[in-house]
Amino acid sequence: MKREIPLFVCVVSALAMIIAYYSPKLDWMDDMLQKWFLIIAVFAFILGAISIILVNGNRISKQVPGWGYNVVLLIGLFVTLGLGIFGGIDPKTPFFYIFTYIFTPLSATMFSLLAFFIASAAFRAFKAKTWEATLLLIAAFIVMLGRVPLGELMWSWLPVLKHYSLNNLVENWIMGCFNTAGQRAILLGASVGLISISLKILLGIERPYMGGE
Amino acid sequence: MSFFEKINKLDKRIIFLILALAVIIPLIFPLKVLPSISKPVRSVYDFIEKLSEGSNCVLCFDYYATTTVECEPAARAVARHLLSRNMKIVTYSLIPDGTTMSMRVMKEVGDDLGKTYGVDYAVLGYKTGTMIAIKSFDEDVYSTFPNDAYGKPVEELPIMKNFRNARDVAFLFTVADNASINYHIMMDFSEKHIPVAGSCTAVSAPELYPYLNSGQLLGLLGGLRGAAEYEVLINHPGIGIKCMDAQSIAHFTIAFLILISNVAYFMTFRKGKKK
Amino acid sequence: MLNRLLVLIIFAFWAMPAWAQEAAEETAKDVRWFNPDRLPNVIGVLLIGFFVFWYIIHAQSGKKLFIRRIAGLNAIDEAVGRATEMGKSVMYITGLADVDDIQTLASLSILGHVAKKTAEYESNLLVPCCRSVVMTTAQEVCKEAYLRAGRPENFKRENVRYLTDDQFGFVAGVDGIMVREKPAANFYMGTFYAESLILAETGNATGAIQIAGTASSSQLPFFVAACDYTLIGEELYAASAYLSGEPKQVGSLKGQDVGKALILAAIIISTIIITFFPQTHEFIKNTIFKS
Numbered sequence: 000m001k002r003e004i005p006l007f008v009c010v011v012s013a014l015a016m017i018i019a020y021y022s023p024k025l026d027w028m029d030d031m032l033q034k035w036f037l038i039i040a041v042f043a044f045i046l047g048a049i050s051i052i053l054v055n056g057n058r059i060s061k062q063v064p065g066w067g068y069n070v071v072l073l074i075g076l077f078v079t080l081g082l083g084i085f086g087g088i089d090p091k092t093p094f095f096y097i098f099t100y101i102f103t104p105l106s107a108t109m110f111s112l113l114a115f116f117i118a119s120a121a122f123r124a125f126k127a128k129t130w131e132a133t134l135l136l137i138a139a140f141i142v143m144l145g146r147v148p149l150g151e152l153m154w155s156w157l158p159v160l161k162h163y164s165l166n167n168l169v170e171n172w173i174m175g176c177f178n179t180a181g182q183r184a185i186l187l188g189a190s191v192g193l194i195s196i197s198l199k200i201l202l203g204i205e206r207p208y209m210g211g212e
Numbered sequence: 000m001s002f003f004e005k006i007n008k009l010d011k012r013i014i015f016l017i018l019a020l021a022v023i024i025p026l027i028f029p030l031k032v033l034p035s036i037s038k039p040v041r042s043v044y045d046f047i048e049k050l051s052e053g054s055n056c057v058l059c060f061d062y063y064a065t066t067t068v069e070c071e072p073a074a075r076a077v078a079r080h081l082l083s084r085n086m087k088i089v090t091y092s093l094i095p096d097g098t099t100m101s102m103r104v105m106k107e108v109g110d111d112l113g114k115t116y117g118v119d120y121a122v123l124g125y126k127t128g129t130m131i132a133i134k135s136f137d138e139d140v141y142s143t144f145p146n147d148a149y150g151k152p153v154e155e156l157p158i159m160k161n162f163r164n165a166r167d168v169a170f171l172f173t174v175a176d177n178a179s180i181n182y183h184i185m186m187d188f189s190e191k192h193i194p195v196a197g198s199c200t201a202v203s204a205p206e207l208y209p210y211l212n213s214g215q216l217l218g219l220l221g222g223l224r225g226a227a228e229y230e231v232l233i234n235h236p237g238i239g240i241k242c243m244d245a246q247s248i249a250h251f252t253i254a255f256l257i258l259i260s261n262v263a264y265f266m267t268f269r270k271g272k273k274k
Numbered sequence: 000m001l002n003r004l005l006v007l008i009i010f011a012f013w014a015m016p017a018w019a020q021e022a023a024e025e026t027a028k029d030v031r032w033f034n035p036d037r038l039p040n041v042i043g044v045l046l047i048g049f050f051v052f053w054y055i056i057h058a059q060s061g062k063k064l065f066i067r068r069i070a071g072l073n074a075i076d077e078a079v080g081r082a083t084e085m086g087k088s089v090m091y092i093t094g095l096a097d098v099d100d101i102q103t104l105a106s107l108s109i110l111g112h113v114a115k116k117t118a119e120y121e122s123n124l125l126v127p128c129c130r131s132v133v134m135t136t137a138q139e140v141c142k143e144a145y146l147r148a149g150r151p152e153n154f155k156r157e158n159v160r161y162l163t164d165d166q167f168g169f170v171a172g173v174d175g176i177m178v179r180e181k182p183a184a185n186f187y188m189g190t191f192y193a194e195s196l197i198l199a200e201t202g203n204a205t206g207a208i209q210i211a212g213t214a215s216s217s218q219l220p221f222f223v224a225a226c227d228y229t230l231i232g233e234e235l236y237a238a239s240a241y242l243s244g245e246p247k248q249v250g251s252l253k254g255q256d257v258g259k260a261l262i263l264a265a266i267i268i269s270t271i272i273i274t275f276f277p278q279t280h281e282f283i284k285n286t287i288f289k290s
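Chains as they are written, first to last, in numbering that gives the first Met the number 0: chain A, 0 to 212; chain B, 0 to 274; chain C, 0 to 290.
Warning: the hint list may mix true and false statements.
Straight-line alpha carbon distances no greater than 27 Å define the calculated DSSO-like cross-link-like pairs of lysine-lysine that follow [unchecked claim]:
| hint | chain 1 | residue 1 | chain 2 | residue 2 |
| --- | --- | --- | --- | --- |
| 1 | A | Lys61 | C | Lys155 |
| 2 | B | Lys191 | A | Lys128 |
| 3 | B | Lys160 | B | Lys114 |
| 4 | A | Lys34 | B | Lys114 |
Calculated from the structure, these hints are not laboratory results.
Please read all numbers here as calculations on a predicted model, not as lab measurements.
Same shape as in the complex, but just chain A (with noise of 0.2 Å):
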């Protein structure tokens, strides 16, 4: 039973909500099976924070190397929590205070990384070893220097260049034209094997939601 269970609850649910999105007299059973979805998908952060506990008060109770990590993690999580429950999330509220002030900051400082791996990246992995290389190398020298202020300034400097729109030759050229074309074919191939995965997980070939077997 342990294996037939959540088969049948896969293909049945699977089933209703194909049934319901071609036939509108049947949209409850989509309705209804939406709503036992949110029931669940809110319950789930609980077996998430079990879990941080856990695994933290293990590391601290064990007091490998870095527990300290684990004391401020775990400080952090009930102290927001508490804040959250008990004051509320209205501006002016501690909670706000805490979201705008120190995680805000603090995730922009993890975002803004991105920038710096990116120009790292760039310059060790960017090289034009190849035709194609190359190619792509200066369509993307192209839409860098044209997407900003100052690329399009210098454009309009350039003797015969400056006739030609380079907004032109970004947007609809590199975006219009070649980046979305390679996006389509990306997203068809994509699109249909999502379609066939879908197709052996409701016929219970592919079952990754019982240990991949």
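Please arrange chains B and C on chain A, whose structure you already have, making use of the hints.
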């Protein structure tokens, strides 16, 4: 070790330092070069200009606190444009961070334009379930969000009287740093025929061009540049325009770094061949 | 098994009417049994579905089907082997999406294979997760894989752990693990957003062999630049079939290819119609695709 070999093995930290300077210096000494307006941005502006006053619009805050710097200028610019044109804005979010973000942005823009909460705009907050949440909102706003983000019952908000489901929505704009724009295209445009436009991080913009091309996406504000263009259009310079100089110099710096890395690569490659 | 399924179906239909009735009253505003606007959609899905079914049956009959070489998947053994030789861990990231995302499910399938290899080689497997439901599923996948490899005692549940739902909080956590534990092999399979390059570059800096796979097209350039192997788009979905080599799975791939050929034919025919027969195009647009 020759000069080019040294370039090839350049320490990452030097690259990081060069880039940091390229970003910081233009922020201190701005060049004040304005961007030109691209077609996807112009489409959003023109559409809002043509909307009749008092139309119900949805503004989705689907970005994490992480990408606030890149996404928020677009949210501010579009919210300002909508409110200045006397549209009614209802905001909601598919990610938890969106609640606090929308509270802050809407309050600041609303106060600046003298708009009243509950009459001109409302913040409904976060709902889990992404596509399911969108579908639920489209079918019945009241049951999806019984209370707004401040805990007030939505029935008590005057703005919500004519805002019950997707049929009451004239325009939807989503500011997203994830796949939310795709979800809104699927659920709101394809299913409910609501005109959908969006703003995303610059990295995600190329992925959305097929939807622009097919007309499923009305317009797109790609990254900080899109926001800067919109600020030019509404004639209200903000953080987008301020950051454009830093972005310009950073792009030129990266282009220069790629160029010298290629020169160094080919010089050492040729040297190796000669040997 | 069929009897048990029947009992379950009867039970479900006995328990459901109360909800169903209530939900039906609430939402059944449209009384049509079929939405004609979705006819093109249903035809497309049925056609692709038919070919997938057909080739699954065809493959089960024992006929050998060709499947092209995917370098990234062949390198899995090499990556795990290298980690074992170096006495270091293997790290597997299932992406940022929840378990309702097909990319995550495809990733969990590959995790099963990677976990089996780490179990066989007796190397340590770390699976930090961004979603709590993914964590519980990943724990089951790994447990099952260790069981199949005959080493259930080596499975450490705490190694499959939840970090945070927050995108860059998760990145900070994973980067921390990479820098502290320096895994020798990193796998990034599933849905990724802007964090892809931060993860891959940090992994690159620690000297790990890296294999990525995603259908998020805007992240592919980053993975290609920073990883040793990258599975592009549909290759991620094909991975479980490729790795298992099961006829049923390989058959589905063949069906998938026929589906792609159909789409290609549709694109070519549509282009010809739009370019040379605009009136026919208008007619089709206004009748079949009027929605």
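Taking the hints in turn, this is what the structure says about them:
Between lysine 61 (chain A) and lysine 155 (chain C) the CA atoms are separated by roughly 16 Å; this keeps the pair inside 27 Å, and the hint holds. Proposed proximity of lysine 191 (chain B) and lysine 128 (chain A) is contradicted: the alpha carbons are some 49 Å apart, above 27 Å. With a C-alpha separation of about 18 Å, the suggested pairing of lysine 160 (chain B) with lysine 114 (chain B) holds against the 27 Å cut-off. Taken as a hint, the lysine 34 (chain A) and lysine 114 (chain B) pair is broken in the structure, with Cα atoms around 35 Å apart against an allowance of 27 Å.
Of the numbered hints stated above, those contradicted by the structure are hints 2 and 4, listed in ascending order.
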